[in-house]
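Undergrad: The primary structure of each chain is shown beneath.
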Amino acid sequence: MPRFAMVIDQERCVGCQSCTVACKSEWDVPNGFARTRVRQTGVVGSFPKLTTSFYVSQCNHCDRPTCVPACPTGATYQDKTGIVRVNRDLCIGCGACVAACPYGARYVNAKIGKVDKCDFCASRLENGLQPACVATCPAHAKVFGNLEDSSSEAFQLVYRQGAHRVETTQVAIGPNVYYAGKPEHTELLMAGFAPQLPRTIAPGKIWSSLLNKFVFLAVGATFLGQAVAFFRQLSVGEKQFED
Amino acid sequence: MNVLISENLYDNEYISQYATGMKELEEHVKQFPPEWAEPITEISAAQIRDTAHAMAEAKPAVAIHPGRHVTWYGDDTQRARAMAILTALLGAYGRKGGMFLPTKVKQGRIPLPSFPESERGRADGAGSKYPLATEESQGLTQGLVQATLTANPYPIKGWVVYGQSVLESIPQRQNTLKAIEQLEFMAVVDVLPVEQVNYADIVLPEATYLERYDPPHIVTTAKRPYVAVRQPAIEPLYESKPGWWIAKQMASRLGLSDYFPWKDPDDHLSRLIQPLGINLAELKSLGAVAFDGHPYIDDRTEADGPVFPTQSGKIELFSSVLKDLKFDPLPQFTAVEPPPQGYLRLIYGRAPMHSFSRSENNSWLNDLMPENQVWVHTQIAAKFGVQDGQRIILENQDGAKSLPIAVRATEAIRSDCAYMVHGFGAQGQGLTKAYKKGASDTQLITRVAIDPIMGATGMRVNFVRVLSADGERS
Ligand code: SF4
Ligand code: SF4
Numbered sequence: 001m002p003r004f005a006m007v008i009d010q011e012r013c014v015g016c017q018s019c020t021v022a023c024k025s026e027w028d029v030p031n032g033f034a035r036t037r038v039r040q041t042g043v044v045g046s047f048p049k050l051t052t053s054f055y056v057s058q059c060n061h062c063d064r065p066t067c068v069p070a071c072p073t074g075a076t077y078q079d080k081t082g083i084v085r086v087n088r089d090l091c092i093g094c095g096a097c098v099a100a101c102p103y104g105a106r107y108v109n110a111k112i113g114k115v116d117k118c119d120f121c122a123s124r125l126e127n128g129l130q131p132a133c134v135a136t137c138p139a140h141a142k143v144f145g146n147l148e149d150s151s152s153e154a155f156q157l158v159y160r161q162g163a164h165r166v167e168t169t170q171v172a173i174g175p176n177v178y179y180a181g182k183p184e185h186t187e188l189l190m191a192g193f194a195p196q197l198p199r200t201i202a203p204g205k206i207w208s209s210l211l212n213k214f215v216f217l218a219v220g221a222t223f224l225g226q227a228v229a230f231f232r233q234l235s236v237g238e239k240q241f242e243d
Numbered sequence: 244m245n246v247l248i249s250e251n252l253y254d255n256e257y258i259s260q261y262a263t264g265m266k267e268l269e270e271h272v273k274q275f276p277p278e279w280a281e282p283i284t285e286i287s288a289a290q291i292r293d294t295a296h297a298m299a300e301a302k303p304a305v306a307i308h309p310g311r312h313v314t315w316y317g318d319d320t321q322r323a324r325a326m327a328i329l330t331a332l333l334g335a336y337g338r339k340g341g342m343f344l345p346t347k348v349k350q351g352r353i354p355l356p357s358f359p360e361s362e363r364g365r366a367d368g369a370g371s372k373y374p375l376a377t378e379e380s381q382g383l384t385q386g387l388v389q390a391t392l393t394a395n396p397y398p399i400k401g402w403v404v405y406g407q408s409v410l411e412s413i414p415q416r417q418n419t420l421k422a423i424e425q426l427e428f429m430a431v432v433d434v435l436p437v438e439q440v441n442y443a444d445i446v447l448p449e450a451t452y453l454e455r456y457d458p459p460h461i462v463t464t465a466k467r468p469y470v471a472v473r474q475p476a477i478e479p480l481y482e483s484k485p486g487w488w489i490a491k492q493m494a495s496r497l498g499l500s501d502y503f504p505w506k507d508p509d510d511h512l513s514r515l516i517q518p519l520g521i522n523l524a525e526l527k528s529l530g531a532v533a534f535d536g537h538p539y540i541d542d543r544t545e546a547d548g549p550v551f552p553t554q555s556g557k558i559e560l561f562s563s564v565l566k567d568l569k570f571d572p573l574p575q576f577t578a579v580e581p582p583p584q585g586y587l588r589l590i591y592g593r594a595p596m597h598s599f600s601r602s603e604n605n606s607w608l609n610d611l612m613p614e615n616q617v618w619v620h621t622q623i624a625a626k627f628g629v630q631d632g633q634r635i636i637l638e639n640q641d642g643a644k645s646l647p648i649a650v651r652a653t654e655a656i657r658s659d660c661a662y663m664v665h666g667f668g669a670q671g672q673g674l675t676k677a678y679k680k681g682a683s684d685t686q687l688i689t690r691v692a693i694d695p696i697m698g699a700t701g702m703r704v705n706f707v708r709v710l711s712a713d714g715e716r717s
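As they're listed, the protein sequences go chains A and B.
Under my numbering, the first residue of the first sequence is numbered 1, with each subsequent residue one higher.
Under my numbering, the first residue of the second sequence is numbered 244, with each subsequent residue one higher.
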């Protein structure tokens with residue numbers, strides 16, 4: 001089984017946001033939201049000796065994701081390759097996973113009433129393509145690959161060249177987006193964008209929001225179907241995770 | 244240059260083989276030691292020496308990049324020449340690691356009937372008032388505005404504006420507006436309803452680049468020359484038409500169709516690329532085709548023409564052309580006027596997600612960057628009592644005011660400058676997303692410095708102050 005990872009080279013990224021736009025176009029992401037974002041860090045030093053950097057963020061497809069257990073329906077699950085995915089048929093758009101992600105990687109897509117986030121362009125991968133952001137990056141600042149394959153560029157960057165995870169002592173859930181760059185890049189990144197402790201939404205709230213939806217949508221039949229799929233997904237999902 | 248020459252670190256062999264005027268240059272740069280440059284550049288003499296040594300060490304693999312936007316203070320030809328001379332001293336033209344020499348590609352010719360002789364010549368001064376501004380180049384926009392305003396050398400009655408937002412991109416907006424008022428007729432060909440369409444008698448909506456063919460992009464100034472073709476991904480929407488169609492139609496309605504002796508873009512393209520040994524279908528499917536290049540002196544052939552296309556066929560360190568025109572044959576330093584008390588020099592540039600004033604209304608790009616900010620040094624922000632994120636209005640030395648713009652207090656700028664991304668503060672109401680978002684640098688560029696040699700417009704000669712902080716937070 002491959003183990004997918006993304007490496008961002010902070011020395012190469014020029015902050016052009018081509019990746020963001022490629023992703024938006026590929027996945028029809030509404031304005032104001034993003035599956036991948038680019039934010040400038042602060043600046044260290046004093047003029048003219050300065051360093052700045054860009055934080056390219058997306059879902060980290062964490063080894064121990066906090067979003068998965070937060071999901072009340074099992075829509076959010078981790079597949080065998082480590083990609084954390086959202087099954088739209090099961091997602092009720094409650095946003096519990098959005099709150100539970102320490103990296104702010106998820107959003108509720110109001111157009112479809114479902115949660116959305118990066119899935120490493122899983123459907124492109126199946127067709128032998130690179131994720132859209134990687135294919136677009138003009139600076140070769142995003143490297144996608146399989147960490148089980150020692151000849152991959154991603155493997156080299158992670159295990160030979162010291163690309164690192166963005167974690168803190170409080171939040172260490174094994175993100176699979178790695179960052180390469182100089183120590184000052186890391187410092188800038190951590191100063192501005194260290195992961196936040198996950199928030200949880202009280203289950204009561206989720207269920208009441210759910211209830212509202214059901215009342216308004218009146219989708220009894222679909223609910224049954226979804227419930228079946230949900231339980232199936234739960235068991236399948238778990239099995240996949242154990243593999 | 245002073246260090247390279249006085250310490251004899253330049254490429255002697257290269258200079259004696261390919262350049263003229265070394266003696267004059269040697270004499271000339273004696274007056275500019277690093278100690279002279281230190282207070283001007285704020286770079287220590289020691290660091291200047293170190294830099295020269297590092298360059299000498301690495302020569303000829305040194306690229307002195309001239310930059311993208313080079314018209315600053317009206318002495319820009321001389322600054323560019325200084326950089327070019329430095330490049331020559333390092334032996335870097337046509338050598339590995341330095342500057343590539345262009346490689347010609349054989350383009351097909353589409354013979355046109357001869358153009359009628361003009362007795363009056365060009366109005367913009369290219370080739371006459373500014374003898375070194377080439378007539379083949381796009382001309383001098385500020386020269387055209389001036390000619391329209393003054394009816395000198397002759398009255399100009401109409402403009403056809405294409406490929407440019409004249410009010411957003413030409414400085415001294417006040418003059419451009421006055422010139423437009425004086426016109427009897429103005430047609431605007433544009434993709435977007437930018438401000439100038441409000442002043443047009445006729446607007447011809449052009450299709451976007453995703454809906455049209457453009458002339459082939461033939462690039463010779465690369466390591467390998469290449470031909471790239473832009474082709475429509477979809478049919479033009481609504482009433483918009485491709486630029487080539489508009490031009491050809493106008494010509495034929497004016498009885499000038501002989502000047503467009505091709506049927507359609509396919510016909511035009513295939514005739515232009517005919518001698519290149521590729522066919523149109525191949526080019527279209529590949530998008531771009533590169534050819535062998537001869538970027539280095541050592542691989543030049545006869546067909547490439549002279550290595551240095553000057554009168555003497557050599558690099559002219561001392562320029563007799565400039566001397567004959569009574570300009571400094573070797574670059575002289577001209578001091579830049581400092582900002583007056585309480586003012587900052589206005590500088591401007593681009594953000595990677597936006598192109599000029601063209602993209603601010605694009606939904607996705609607008610989402611990434613809906614407006615610009617004015618960067619000022621942290622200490623200056625504190626001095627002026629403005630907070631990061633606070634909206635202010637800028638006023639320039641002539642009293643021109645900006646739209647409200649948010650402050651970005653940062654270490655990443657000199658403390659005597661204010662910077663903003665160009666292209667914002669649009670005045671065209673039709674630009675529903677970009678209209679009046681952020682501030683326009685062009686609106687604050689009421690003063691220009693014209694380079695007497697090439698006629699280009701230097702725009703970094705404007706100063707701004709913080710006029711009012713209304714306290715609103717962005
Ligand atoms: S980054 Fe957030 S959404 Fe992605 S797997 Fe980790 S916890 Fe889940
Ligand atoms: S496309 Fe590449 S260079 Fe541009 S912002 Fe994204 S990662 Fe950085």
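Please keep in mind that the hints were generated in silico from the structure rather than gathered at the bench.
Ideal Cβ positions, reconstructed from N, Cα and C, are used throughout, including at glycine.
Worth double-checking, as some hints may not be accurate.
Unchecked claim - What the simulated footprint calls covered on chain A by chain B, stretch by stretch (three residues with Cβ under 8 Å from a Cβ of chain B suffice, anywhere in the stretch; the number is not a length):
| hint | region |
| --- | --- |
| 1 | 21–33 |
| 2 | 37–47 |
| 3 | 123–131 |
Undergrad: So, for every hint listed, does it hold in this structure?
TA: Here is how each hint holds up against the structure:
no.	hint	result
1	21–33	holds (count 5)
2	37–47	holds (count 4)
3	123–131	violated (count 0)
When the structure is compared with the earlier hints, a violation turns up for hint 3 alone.
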